[in-house]
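Enquirer: We have chain P already, so just place chain V on it with the hints.
Protein chains in written order, with UniProt numbering: chain P, 1 to 664; chain V, 1 to 664.
Misleading hints may appear alongside valid ones.
Pairs involving identical chains hold if they fit within one copy or between any two copies, as the list cannot separate such chains.
As the list claims (entries may be wrong) - DSBU-like cross-link-like pairs, simulated, lysine-lysine; straight-line CA separation at most 30 Å:
hint : residue 1 : residue 2
1    : Lys249    : Lys110
2    : Lys616    : Lys498
3    : Lys498    : Lys577
4    : Lys229    : Lys318
5    : Lys616    : Lys497
6    : Lys482    : Lys498
7    : Lys497    : Lys570
8    : Lys482    : Lys540
9    : Lys163    : Lys318
10   : Lys318    : Lys252
11   : Lys570    : Lys498
12   : Lys616    : Lys482
Just so you know, these hints were derived from the structure itself, not from any lab.
2 protein chains.
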Amino acid sequence: MHPLSSLCEAEISLSTKLVRGLHEPGTKLRFKGITTHEPSRKEMQQYRAQSDVKSYTPPRRSWVNYYLTGTASFFEVIINLTTGTIEKSIEVPAGFHGPVDDEEIIAVEKIALEDPRTKVEIEKLKLPDGAVVVCDPWIWGADGVADDVRQYQCYMYMRDPNKPAELDSNHYAFPLTFSPVVDAVTMQVTRIDYLPTGAGFETTSTQPWRATKPNEYIPELNEKRTGLKPLRVLQPEGASFALEGDILKWQKWEMRTSFNYREGMVLHEVSFDGRPLFYRVSLSDMSIPYSDPRAPFHKKQAFDLGDAGAGLMANDLKLGCDCLGAIAYKDGLIADDQGRPVVKPNAMCIHEQDAGILWKHTNYRTGRPVVVRRRELVIQSIITVSNYEYILAFIFDQAGEMTYEVRATGILSTQPIDPGVEVPYGTVVHDGVLAGYHQHILSLRVDPELDGDMDNRLVYEETSALPRHPETNPHGNGYVSKRTTVEKAGGYDLESKKNRVFMIENPKKKNPVNGKNVAYKMHIPPVQPLLAEENSYHYKRADFGDHSVYVTKYQENELFAGGQYTNQNKQTTGVRKWAARNEDISNDDIVVWVQFGLQHVPRIEDFPVMPVEIVKVAFKPVNFFTRNPAIDVPQSTQEFNQSTLLNGHQNGVNDNKSECSSCQ
Amino acid sequence: MHPLSSLCEAEISLSTKLVRGLHEPGTKLRFKGITTHEPSRKEMQQYRAQSDVKSYTPPRRSWVNYYLTGTASFFEVIINLTTGTIEKSIEVPAGFHGPVDDEEIIAVEKIALEDPRTKVEIEKLKLPDGAVVVCDPWIWGADGVADDVRQYQCYMYMRDPNKPAELDSNHYAFPLTFSPVVDAVTMQVTRIDYLPTGAGFETTSTQPWRATKPNEYIPELNEKRTGLKPLRVLQPEGASFALEGDILKWQKWEMRTSFNYREGMVLHEVSFDGRPLFYRVSLSDMSIPYSDPRAPFHKKQAFDLGDAGAGLMANDLKLGCDCLGAIAYKDGLIADDQGRPVVKPNAMCIHEQDAGILWKHTNYRTGRPVVVRRRELVIQSIITVSNYEYILAFIFDQAGEMTYEVRATGILSTQPIDPGVEVPYGTVVHDGVLAGYHQHILSLRVDPELDGDMDNRLVYEETSALPRHPETNPHGNGYVSKRTTVEKAGGYDLESKKNRVFMIENPKKKNPVNGKNVAYKMHIPPVQPLLAEENSYHYKRADFGDHSVYVTKYQENELFAGGQYTNQNKQTTGVRKWAARNEDISNDDIVVWVQFGLQHVPRIEDFPVMPVEIVKVAFKPVNFFTRNPAIDVPQSTQEFNQSTLLNGHQNGVNDNKSECSSCQ
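Next comes chain P alone, as it looks inside the complex (with noise of 0.2 Å):
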């Protein structure tokens, strides 16, 4: 096994022996997630120091959270699978929780729905007959207010009641007025919570169900519409990519993939042509805050990596329907509650496609194009977190820029709101449902080794007008770049008036055409800052929500943005906190934090399914090379690329002809 891949079967396996060897036999354990503890910074370093022949390797560890089921002890274990061997063991503190699991979710809804105090609140909706209703259970989130204790706050829907035998009825189309709250220790409700459906505070008890439509997303409840002939990506040599194992390997990039429980997609070692770019590149978390400030909505806050786990949540891709054209697919592996190992299969997909040109020019004297196409691989994987999905992908093109694109899709979180009744903080999609305002924020941590050196620097680069002046600047054109080194950990932010663009570089290695520091500069969309108050729970739990660049030194299980644990918790122990250190970074070894997303005041057109909304951040070149990488791509031909010609229009005959000869 490579130090940097995922666990196997056999290593999972193992850590759960190990961990269930810490206690009496027969001893009721929880698991939540055992993943691969990676090797530390001077390990690695030894490793990679060798040659091919590798006579020293790392030890294999993992890492494992559990609790002692039934109660609120809850453990956090590192295991050297090489030695079979507890390294550290520690009763994580209290004010730290898990996060949820695949099993505690259908467990909780079950206890929510058979609890009498709910059905209690059903016969008063005076339902029709028959009618299913459902439960979302939800993290609690974190208000201060007896919030000690691991809870869930469970939203209630309802099948169309008229088809109530419909399993994939979309219920968030029937959200009703009351929320269970179950503790995850006793796994018992614990009392009936009431949902303001006024414009005001105010909760009433439960009224008799008011008779609205459907809303639904599956085909067979949809007009279908006509007219689209089917589109075809055919590979007839195969793909580009080789993949062997976790290296996968195309037209210059090469990096290896792994995969776990909470970050889902991992890359590591990406390079371009030989040189090396970033050691490793994942997603770190996303939080995503919600607006309503009446209680309970004012807990809505998911942090979707630290509370339940990109791994956990990754749908099985289906060839033809996810992806299109030649794919190949790789199956993720992580751990139940039980700490038996779980295949998410077909957790990633990687194909090829095409994104148009690439690079042009005509020389207009001779009328010779060259173009070239762009050809990108996509890493993707996607998640569904209870009523939202995320399309998470990794995208090269052949002139070395990396993206990471994120597409939000999915049901809007919806809540009961009363005829004719308007709310600043939500829009109405659906009579009697309310998509409340929230954000999305999400953090990409870039951790860079760039041409090969961990020591990085991060730069930013402004433009700005010259002023005035007959000597330096007499016509007013003038406007010079400036470059300013980030020189302390920190938060930073975009600047779009002064054209701000923040650059990973290494001072070490210079350009030999300019002498410029070699670099690679990202394209970051603006996002709003998370907008909750500095002294709210929202504020402090979401590290990463204020700033759209964070910069630290690297130390050790520095890996998730908001902190190791982010369930219910109530601090800040994330990357704010590690970047309050305000280290020394200006020649370093550096882990770029990148945020971006949205803020997301939903539209009528988001129900019941929404379009995709795209973000993407992308990492390019900067005077790496010393001409266009992609000089080289072959030229884009007929031959190649055997488009059809579809109406029957060749070379300049003008079939307009037609049009002009009624104007005479």
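Expert: Relative to chain P, chain V alone:
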């Protein structure tokens, strides 16, 4: 002929004939553009108010610009083609000039190269035998210095002196240090300018050429990358769009396409699902101001539409090269300098493309995924403006979204620089070659008629935190949105910290579910405003460069954001001037101008030809429909898509097992 169609050949010929009739027979005229002069608002309202039987049709008109050859006398003529009469004929006032034309550019190059003074300079260079010098004539720009006469600044380059017979040698790798000035009236060289090549403003006399290497882009002079396997797009049942003359229909979209010498592609009467959205959409101009304050570079500011023409410079798109898949082509029709109709073959291509997933949801309880792919319609044109290329595309999706996408590629504009010298307004991209910083600011003109009314409103929506308050925001998470009407014509800016989103609303049409005004929002990427100083000619001329959004009240003939005549213009004559009328526009016939683009600090990877930089503006429905307008698109299935499985990996068979067995 439909009132909004482009001119046909006979109409161009008639225009020329009538214009010639204004002068003595045999008078030499130089034509600078013959285009449709669209009907007035009133005429079109009268026409469109009719049912299918159109008893009233507005007259067909053309707009003609021309010079008396060899003079500065420049004319603007509007012709009623239906009656065959001149409606208006004026001499364009001094201070305004016509654009370039193809024949003139070729002629100027010849004049510059053959002038004795040029030959003297070439002698001084002491070039290798057979070396071929090349000339890129540039529009003059404006600086208030001897610029009343229309003239050209001729930037000089050389083919690889070791391969002078290679017609497509990248001459931009060999910029020369002298620059002839050509008077466009007399068509003669008036003097030789010298280019600064050091760090300062000084110029020297022409020195013997220092031998440097070439930097070629044509494939036969470059290495050829291997490993790229073919990727073909097939549409075995044909494409899903219908193109009947100018009318294009696809997946509920309907629109008219047309083409003219200045704007290239124009769309009229864009509607979705029978509901009108945009009366007219077109690229209005683009300005490329340069940053080097030293003469003659201080004058470099190109208006690629006003100074030349997006139709004039449109590429002949080649099947299988520029476009992949099943493609339809449309020719364009323009006029040459003698007023003869000239076909621009394959100036526009129309095709579909797959752009990944459009929407997806999986009910985690059942595991049933519903996924729909995002098919797009692309209407594309590519323009070559001397060294640069722009790929321009209107892109439509199935959920009512329209995008205008621009890709900048082609070759940087270069100038000579001495070895070892750096300047703060350019990047050295090759030995002896500097690429100056510049901005690309594009302006998209959008004339909306949202949901059938020409009177619309521009608004912007912002989200902001509620103040913390025990009664209204006790936990500090609350935030609200606020929509502000733009009451007055003017220029407006983005503000990402407030998540300011501009929308076009129709206040007369309410969403039947949530009562909001139907609207379309605009996703506008931020661009640094024009950096040139307020009193500079750069600034005055590039009206639209100072704000991301302009809104004006519709007036006839206000089509071009930089004004009607941009070439060597020294005043503000376009959108900034019109917006300064400051009319009330809170519910009126408005025109929206969207500015976007790039601050271009060249990197060495942009040479010899730059990988595309992509910018786009998107228009999305907001409470315009009652649910996701693409909820009816058929599901993505393997049967339809016929993807290929590459790694023999099916349905959860874990082929990671092999890795695991070695770790026991």
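Enquirer: Work down the list of hints and note, for each, if the structure agrees.
Expert: The hints, checked one at a time:
{"no.": "1", "hint": "Lys249 <-> Lys110", "result": "neither (46 Å within a copy, 50 Å between copies)"}
{"no.": "2", "hint": "Lys616 <-> Lys498", "result": "both (21 Å within a copy, 20 Å between copies)"}
{"no.": "3", "hint": "Lys498 <-> Lys577", "result": "both (28 Å within a copy, 26 Å between copies)"}
{"no.": "4", "hint": "Lys229 <-> Lys318", "result": "both (21 Å within a copy, 23 Å between copies)"}
{"no.": "5", "hint": "Lys616 <-> Lys497", "result": "both (20 Å within a copy, 18 Å between copies)"}
{"no.": "6", "hint": "Lys482 <-> Lys498", "result": "both (10 Å within a copy, 27 Å between copies)"}
{"no.": "7", "hint": "Lys497 <-> Lys570", "result": "between (36 Å within a copy, 25 Å between copies)"}
{"no.": "8", "hint": "Lys482 <-> Lys540", "result": "between (34 Å within a copy, 26 Å between copies)"}
{"no.": "9", "hint": "Lys163 <-> Lys318", "result": "within (28 Å within a copy, 54 Å between copies)"}
{"no.": "10", "hint": "Lys318 <-> Lys252", "result": "both (28 Å within a copy, 28 Å between copies)"}
{"no.": "11", "hint": "Lys570 <-> Lys498", "result": "between (36 Å within a copy, 26 Å between copies)"}
{"no.": "12", "hint": "Lys616 <-> Lys482", "result": "both (26 Å within a copy, 27 Å between copies)"}
In terms of the numbered hints stated before, the structure departs from hint 1 and from no other.
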